[in-house]
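What follows is the residue order along each chain.
There are 2 protein chains.
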Amino acid sequence: MKLYDLELSGNCYKVRLFAALARIPLEIEAVDFLGGAHKKPPLIGLNPWGEIPILVDGAVVLRDSQAILVYLAAKYTGETWLPRDAAGMAEVMQWLSTTANEVQNGPASARLVDKFGYAIDKADTLRRSARILPLIEAHLADHQWLALERPTIADCAVFPYVALAPEGGVSLSDYPHIRRWMSRVKAVPNFLSMPGV
Amino acid sequence: MKLYDLELSGNCYKVRLFAALARIPLEIEAVDFLGGAHKKPPLIGLNPWGEIPILVDGAVVLRDSQAILVYLAAKYTGETWLPRDAAGMAEVMQWLSTTANEVQNGPASARLVDKFGYAIDKADTLRRSARILPLIEAHLADHQWLALERPTIADCAVFPYVALAPEGGVSLSDYPHIRRWMSRVKAVPNFLSMPGV
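Going down the list, the protein sequences come from chains A and B. Here the first sequence is numbered in the numbering used here, starting from 1 and rising by one per residue. Here the second sequence is numbered in the numbering used here, starting from 1 and rising by one per residue.
In case anyone wonders, no lab produced these hints; they're calculated from the structure. There may be inaccurate statements among the hints.
No distinction is drawn between identical chains; accordingly, a pair holds when it is met within one copy or between any pair of copies.
What the hints assert, rightly or not - Calculated pairs, EDC-like style, for lysine to aspartate or glutamate (alpha carbon to alpha carbon, straight line, at most 20 Å): (1) Lys-75 <-> Asp-85; (2) Lys-39 <-> Glu-137; (3) Lys-75 <-> Glu-27.
Bound-form chain A, shown alone:
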């Protein structure tokens, strides 16, 4: 099972982090991102979106980091990281939507501007960050984990770009509950870090 990967991508890190926590072996193939390998064949054939990560497991090819977490959790971990009952699955799903939209367009995009020079409206990314981080903070004021009462792929999906927020000029100093949750994530056995986390 191969992961097309970029070390500095938080979306790729989501997958590496979860695979480490769940002890799922991955073959990591580094993508020449600066050279635009993800925009050219053969990778553009695997993912027309022109993005990474991409997971290839036999005939299964997945292009979205949240979908990759769902796949790995369902295939390799039973219900440990992703429950299959309606309410539990939906609770996790709420956070997958949050990370796909609010986190991606907030702190993750602020970091794309500051660290990689993307031509994105920085003020918009800061406005979005200033909306979503207090919502996550308030949720974590009375929850140990984002969904359910245990670590799930919801935590793996949200953690990377929240932890990397300072690299986009988004401080976490006003969010003590988020910082405590980050410490809890880092204390999960087999936690894997990345530069900036």
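Please arrange chain B on chain A, whose structure you already have, making use of the hints.
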């Protein structure tokens, strides 16, 4: 089971559409959106995000339209609309991420500007629409449905804001495969429409 609803919201329509197709009875409660009822108690207590739809089913309270689709499909339709095997679930999940991010920030947000006067950068919504619609078009050039070989909640999640794109000044005339897919969705038994679709 109660849906806090706004008739003109495509996110609410996702839920009404799927419930109609799957014959799931919903109690619809119209929210005074112009009066800001979703930003005040009691709704802000149900959904701190200050958004609708909200689904309440006994002790289960869900705030995200994708999560509501997952919940209803898993609880009431077996595997018909959402498979539970790893690969099938992940394939559907890819499109739930796409609608949460690219569709929401593209055509859905263009419509928010034109139809509701939201202070969003219109040019940004048009750029995002011009990226995502060709990707969906290319996918539908050789697929009848977005995920798997049958209608799933992926189609219900993406359909509303693609069908409503012209209300945001985003024409679908260059996307014949999308238009044919929309016709297929509309032909599914028990299809439900909304103003603008």
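Outcome of the hint check:
1. Lys-75 <-> Asp-85: both (16 Å within a copy, 8 Å between copies)
2. Lys-39 <-> Glu-137: between (36 Å within a copy, 18 Å between copies)
3. Lys-75 <-> Glu-27: The answer is within: 17 Å in one copy meets 20 Å, while 36 Å across copies does not.
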